[in-house]
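Heads up: the protein sequence lines correspond to chains A and B, in order. Residue numbering for the first sequence follows my numbering, beginning at 29 and increasing consecutively. Residue numbering for the second sequence follows my numbering, beginning at 41 and increasing consecutively.
Calculated directly from the structure, the hints in this document are not laboratory data. Take the hints with a grain of salt, since some may be wrong.
[To be verified] With a straight-line Cα cutoff of 30 Å, these simulated DSBU-like cross-link-like pairs (lysine-lysine) come out: (1) B:LYS108 x A:LYS108; (2) A:LYS56 x A:LYS589; (3) A:LYS297 x A:LYS469; (4) A:LYS589 x A:LYS183; (5) A:LYS469 x B:LYS176; (6) B:LYS108 x A:LYS469; (7) A:LYS469 x A:LYS492; (8) A:LYS108 x A:LYS96; (9) A:LYS157 x A:LYS146.
[To be verified] Quick list of the computed label-pair ranges, beta carbon to beta carbon: (10) B:ASN218 x A:PRO515: 21 to 27 Å; (11) A:GLU238 x B:LEU290: 42 to 48 Å; (12) A:ILE317 x B:THR111: 54 to 60 Å; (13) B:GLN186 x A:ASP371: 30 to 36 Å; (14) B:ASN218 x A:GLU340: 43 to 49 Å; (15) A:ALA489 x B:LEU290: 48 to 54 Å; (16) B:GLU152 x A:SER201: 14 to 20 Å; (17) B:GLN186 x A:ALA419: 27 to 33 Å; (18) A:VAL311 x B:LEU290: 51 to 57 Å; (19) B:ASN218 x A:ALA419: 22 to 28 Å; (20) A:PHE395 x B:GLN228: 37 to 43 Å; (21) B:ALA167 x A:LEU400: 29 to 35 Å; (22) A:SER514 x B:GLN228: 16 to 22 Å; (23) B:ASN218 x A:SER76: 40 to 46 Å.
Ideal placement from N, C-alpha and C gives every residue a C-beta, glycine not left out.
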Amino acid sequence: MATTLDKVDVVTVGVGWTGGIIAAECTKEGLSVVGLERGQERSTADYSMVHDEYRYAIRYELMQDLSKETITFRNSRDQKALPMRQMGSFLLGEGLGGSGTHWNGQNWRFLPYDFEIKTMTEAKYGADKLPAEYTLQDWGITYDELEPYFDKFEKTAGISGEDKNPFWGKRSSDYPTPPMKKTPLLAKFETATSNLGYSPFMMPSANLSEAYENPDGQQIAACQYCGFCERFGCEYGAKTSPEITVVPTARETGNYDVRFNANVVEVMKEGDRVTGVRYMDTVTFEEFIQPAEVVVLTSYVLNNAKLLMVSEIGQMYDPETGEGSLGKNYAYQILPGASGFFDEQMNVFMGAGALGMTIDDFNGDSFDHADLDFIHGASLSMTQTGSRPIASNPLPPDTPSWGAEFKKASIENYTRTLSVGGQGASMPHRDNYLSLDDTYKDIYGVPLLQLTYNFTDQDRALHKYLTERAVEIMEEMGAKTVVGSSPLSDYDIVPYQTTHNTGGTIMGADPATSVVNNYLQHWDMENLFVVGAGNFAHNSGYNPTGTVGALAYRCAEGVIKYSQEGGSLV
Amino acid sequence: MAEKKNVSRRDFLKTSGIAAGALVGGGIIGGVIGANTRQDTAAPSGGSAGQSGGAEATEAVRGLQFFKNQTEFAVLQQATERIFPEDDLGPGAIGLGVPFFIDHQLAGSYGENSREYMQAPFAVGEATQGYQSRLKRNELFRQGLQKMQQEAQSRFEANFVDLEPEQMDEILTAFQDNEVEMQGATAQFFFRLLRQATLNGAYADPIYGGNQNMDAWRMKGFPGHRPSYINEIESEDFVEFDPHSVGDMLS
Ligand SMILES: Cc1cc2nc3c(=O)[nH]c(=O)nc-3n(C[C@H](O)[C@H](O)[C@H](O)COP(=O)(O)OP(=O)(O)OC[C@H]3O[C@@H](n4cnc5c(N)ncnc54)[C@H](O)[C@@H]3O)c2cc1C
Ligand code: SF4
Numbered sequence: 029m030a031t032t033l034d035k036v037d038v039v040t041v042g043v044g045w046t047g048g049i050i051a052a053e054c055t056k057e058g059l060s061v062v063g064l065e066r067g068q069e070r071s072t073a074d075y076s077m078v079h080d081e082y083r084y085a086i087r088y089e090l091m092q093d094l095s096k097e098t099i100t101f102r103n104s105r106d107q108k109a110l111p112m113r114q115m116g117s118f119l120l121g122e123g124l125g126g127s128g129t130h131w132n133g134q135n136w137r138f139l140p141y142d143f144e145i146k147t148m149t150e151a152k153y154g155a156d157k158l159p160a161e162y163t164l165q166d167w168g169i170t171y172d173e174l175e176p177y178f179d180k181f182e183k184t185a186g187i188s189g190e191d192k193n194p195f196w197g198k199r200s201s202d203y204p205t206p207p208m209k210k211t212p213l214l215a216k217f218e219t220a221t222s223n224l225g226y227s228p229f230m231m232p233s234a235n236l237s238e239a240y241e242n243p244d245g246q247q248i249a250a251c252q253y254c255g256f257c258e259r260f261g262c263e264y265g266a267k268t269s270p271e272i273t274v275v276p277t278a279r280e281t282g283n284y285d286v287r288f289n290a291n292v293v294e295v296m297k298e299g300d301r302v303t304g305v306r307y308m309d310t311v312t313f314e315e316f317i318q319p320a321e322v323v324v325l326t327s328y329v330l331n332n333a334k335l336l337m338v339s340e341i342g343q344m345y346d347p348e349t350g351e352g353s354l355g356k357n358y359a360y361q362i363l364p365g366a367s368g369f370f371d372e373q374m375n376v377f378m379g380a381g382a383l384g385m386t387i388d389d390f391n392g393d394s395f396d397h398a399d400l401d402f403i404h405g406a407s408l409s410m411t412q413t414g415s416r417p418i419a420s421n422p423l424p425p426d427t428p429s430w431g432a433e434f435k436k437a438s439i440e441n442y443t444r445t446l447s448v449g450g451q452g453a454s455m456p457h458r459d460n461y462l463s464l465d466d467t468y469k470d471i472y473g474v475p476l477l478q479l480t481y482n483f484t485d486q487d488r489a490l491h492k493y494l495t496e497r498a499v500e501i502m503e504e505m506g507a508k509t510v511v512g513s514s515p516l517s518d519y520d521i522v523p524y525q526t527t528h529n530t531g532g533t534i535m536g537a538d539p540a541t542s543v544v545n546n547y548l549q550h551w552d553m554e555n556l557f558v559v560g561a562g563n564f565a566h567n568s569g570y571n572p573t574g575t576v577g578a579l580a581y582r583c584a585e586g587v588i589k590y591s592q593e594g595g596s597l598v
Numbered sequence: 041m042a043e044k045k046n047v048s049r050r051d052f053l054k055t056s057g058i059a060a061g062a063l064v065g066g067g068i069i070g071g072v073i074g075a076n077t078r079q080d081t082a083a084p085s086g087g088s089a090g091q092s093g094g095a096e097a098t099e100a101v102r103g104l105q106f107f108k109n110q111t112e113f114a115v116l117q118q119a120t121e122r123i124f125p126e127d128d129l130g131p132g133a134i135g136l137g138v139p140f141f142i143d144h145q146l147a148g149s150y151g152e153n154s155r156e157y158m159q160a161p162f163a164v165g166e167a168t169q170g171y172q173s174r175l176k177r178n179e180l181f182r183q184g185l186q187k188m189q190q191e192a193q194s195r196f197e198a199n200f201v202d203l204e205p206e207q208m209d210e211i212l213t214a215f216q217d218n219e220v221e222m223q224g225a226t227a228q229f230f231f232r233l234l235r236q237a238t239l240n241g242a243y244a245d246p247i248y249g250g251n252q253n254m255d256a257w258r259m260k261g262f263p264g265h266r267p268s269y270i271n272e273i274e275s276e277d278f279v280e281f282d283p284h285s286v287g288d289m290l291s
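Isolated chain A (complex conformation) (with noise of 0.2 Å):
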């Protein structure tokens, strides 16, 4: 028998960024909220002795316990689905702080085009550039609507950067911090890339370039460059995480209560409306049932799809007929790059986990594509993150990967190699989606969610053409040899890409197509909210959080305004 707790205005589950933010925003407004969140309890003091690549970046320490909960995974629907049961394409956060504690930091806005992709494509293209099975769709909302978000999120973790982007949405106003330090390997890919005509600028930065206080008062320090960023924690405090700015503002008020090892494994409801959560204390397996007033799925892309599959709350995507949203428009990011091969030695291990430089040269719609069978593109940069020994050890072209010949050019060249990567748009597909799994569970008992999803031509396309620009690059700095990366093949969930899933609970106008309006407020259930990178009905060319941190922002709008006045916010 689950025992059923008091009642409280606003209940998340998970304390990520999205949690965070929800939080902070409510109790600052008086609400009570509580936080469910299946981790533990960590802070700055947990990471004094962080610099272990083994412990954190190799066995994932900070992250998802998978003997726990994990989803099942397969390329297309004539596969059968297997558990994914070691991490390895993206990292699941756990604990306070989610992946925020272990991200890079690095901090985009999503671009105009983004919000409007369908309607701005085919007015420059045609109805037709993509084919019918790409399930484009606009967000519901522009770039302009969301711009104070936007603003708002970058003042909260004190975005580092500069406006000098030709192509990026109109600011209200600048950074809030200056750009990191340009560095003697970040001003090489500065000059070959305005060699080549294009418009490098310093990447918007959550590793802060100097002290700041944000508007609620927490203290953010400054980075120190100490190479051990992303997989990691930061001991100074000055990668701005959950766990420093948005929680300590959210307990300040009084009005907030974080309980941890609380797995939510049900959204609890009553006709057209939602009651609270149930959920399983990890360590007694005691279940509980919070009532709230509102509740809001924060729990990443992956686990607010399940909840809400589970629960049984909105309509299942059908990729037989396309009917459906629940689950539609999963997507991913593709990574095309090059690496370059130089002769002297340079300072790769010092760095922070978002000290780059970028074009954008190639990302949206800022080049022409009427010539070229994709659309969109990537952000191509160059970063100096902290290349640590374990997980580099570059090999030019027929190098063996093992014994003496190995072992010499691993090691010359780990001091010798720089890249230059994009992060590639990625389109919806038909055939790319969440459902749940019929055959494996969870240890509360919940089937997984399953992920059915592989690598399209848009994305072949846009790889090779931007790896292409890559290379070039990377031969304009003068690497002695240049290895442009491998032609995309099938998606493949072992090596590491990138924890930028996306899609599953998509935002739009339309409740047909999507699951949440703009409020990020569930169509068929007024009082449920769902926010996180979920709602991207596509992917940009960018990592996703400045734009999850937007929206989170507006969500919490949502749910003040609805605590208020009640009823469907659109």
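With chain A held as given, fit chain B with the ligands onto it using these hints.
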């Protein structure tokens, strides 16, 4: 096929001395001189570690937490050494303590796959679906090392550890090319696991028992744990540091 590869690997060994000489000529003085000096001091202990399994090579007492059978451990030592051999740059897997690192890892959560999804049913999938075996890593390692010993017997009628280096390479290559029959997983999967575990042990912080004296970091020019590079990040020149373990942080 395998023989050809061995020949070229050997040829490379012959010419590698020249390559290192060329590096000195090319002016990468810091790194190479550093490596040479260290080699002089490290050679005796590295050598004895190679013979004895490293027990007398350091002050610390060493022993096995997972392997019970010394033959299996000896095969592990030689196999990892072929993957990451001692050369003019510095010690190989044995000199770095990699076999002990792997032994210790197999005794813990890595060997037990304790943070991974190990629930039935198990089915053979596509390569893109990843590992689908019910075997835990420590079971896979034992089976793989036993198979290596069997291959040595059937191909050369000798113990794996008594083979010539190129014969060991032939067997490792057979695993890499999936030409050996294993149960519950493929030989290729085991080979990749073994290769990765060797690199893990070579380059992980020495707190795990490998990367002895931080010599693998020295070879690679990686400083290990440093609190900050804020004063060096804008340097035009390559900066060398004496490496530090994250163990230094424990007060
Ligand atoms: C290594 C790495 C590097 C990255 N680098 C970047 C980058 O440079 N730039 C960028 O934009 N993005 C980056 N990302 C992505 C970024 O971290 C995420 O977009 C962001 O943190 C997502 O926030 P979220 O709140 O949606 O989800 P999460 O941070 O995943 O938080 C969800 C929380 O919900 C909890 N939870 C899940 N299910 C349940 C349940 N059933 N019950 C209770 N709790 C639950 C989880 O434990 C987790 O704490 C990176 C990610 C990784 C892993
Ligand atoms: S690189 Fe900077 S932000 Fe990242 S962990 Fe190190 S000090 Fe923190």
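Comparing the hints with the structure gives:
1. In summary, the hint linking LYS108 (chain B) to LYS108 (chain A) is not supported, as the alpha carbons are separated by about 39 Å, beyond the 30 Å threshold.
2. Proximity of LYS56 (chain A) to LYS589 (chain A) is assessed by CA-CA distance (about 14 Å); at most 30 Å being required, the pair is judged to hold.
3. A threshold of 30 Å between alpha carbons decides the hint, and for LYS297 (chain A) with LYS469 (chain A) the separation of about 22 Å falls inside it, so the pair holds.
4. A threshold of 30 Å between alpha carbons decides the hint, and for LYS589 (chain A) with LYS183 (chain A) the separation of about 22 Å falls inside it, so the pair holds.
5. Taking the CA atoms of LYS469 (chain A) and LYS176 (chain B), the gap is about 20 Å. The hint holds against a cut of 30 Å.
6. Our distance criterion of 30 Å between C-alpha atoms is broken by LYS108 (chain B) and LYS469 (chain A), whose separation comes to about 36 Å.
7. Straight-line distance between C-alpha atoms of LYS469 (chain A) and LYS492 (chain A) comes to about 38 Å, which puts the hinted pair past the 30 Å bound.
8. Between LYS108 (chain A) and LYS96 (chain A) the alpha-carbon distance is near 21 Å, which keeps this suggested pair within the 30 Å criterion.
9. At roughly 10 Å between alpha-carbon atoms, LYS157 (chain A) and LYS146 (chain A) fall within 30 Å of each other, so this suggested pair holds.
10. At about 24 Å, the CB distance of ASN218 (chain B) to PRO515 (chain A) agrees with the hint of 21 to 27 Å.
11. A hinted range of 42 to 48 Å is violated for the C-beta pair GLU238 (chain A) and LEU290 (chain B), which are about 31 Å apart.
12. Distance hint check for ILE317 (chain A) and THR111 (chain B): the Cβ-Cβ separation is about 58 Å, which falls inside the suggested range of 54 to 60 Å.
13. Restraint check, GLN186 (chain B) to ASP371 (chain A): a C-beta distance of roughly 45 Å breaks the suggested window 30 to 36 Å.
14. Distance hint check: the CB atoms of ASN218 (chain B) and GLU340 (chain A) are about 45 Å apart, consistent with the given range 43 to 49 Å.
15. The supplied range of 48 to 54 Å is met by ALA489 (chain A) and LEU290 (chain B), whose beta-carbon atoms lie about 52 Å from each other.
16. Hint check: GLU152 (chain B) to SER201 (chain A), Cβ distance near 52 Å, so the stated range 14 to 20 Å is violated.
17. The hint said 27 to 33 Å for the Cβ distance between GLN186 (chain B) and ALA419 (chain A), and at roughly 30 Å that hint holds.
18. Evaluation of the 51 to 57 Å hint for VAL311 (chain A) and LEU290 (chain B) yields a failure: the beta carbon distance comes to about 28 Å.
19. In this structure, ASN218 (chain B) and ALA419 (chain A) meet the distance hint of 22 to 28 Å, their C-beta atoms being roughly 25 Å apart.
20. Under the hint 37 to 43 Å, the C-beta atoms of PHE395 (chain A) and GLN228 (chain B), about 42 Å apart, fit the expected range.
21. Look at ALA167 (chain B) against LEU400 (chain A): about 31 Å separates their beta carbons, and that is inside 29 to 35 Å.
22. The beta-carbon spacing between SER514 (chain A) and GLN228 (chain B), approximately 19 Å, falls within the hinted interval of 16 to 22 Å.
23. The hinted window of 40 to 46 Å between ASN218 (chain B) and SER76 (chain A) holds, with their beta carbons roughly 44 Å apart.
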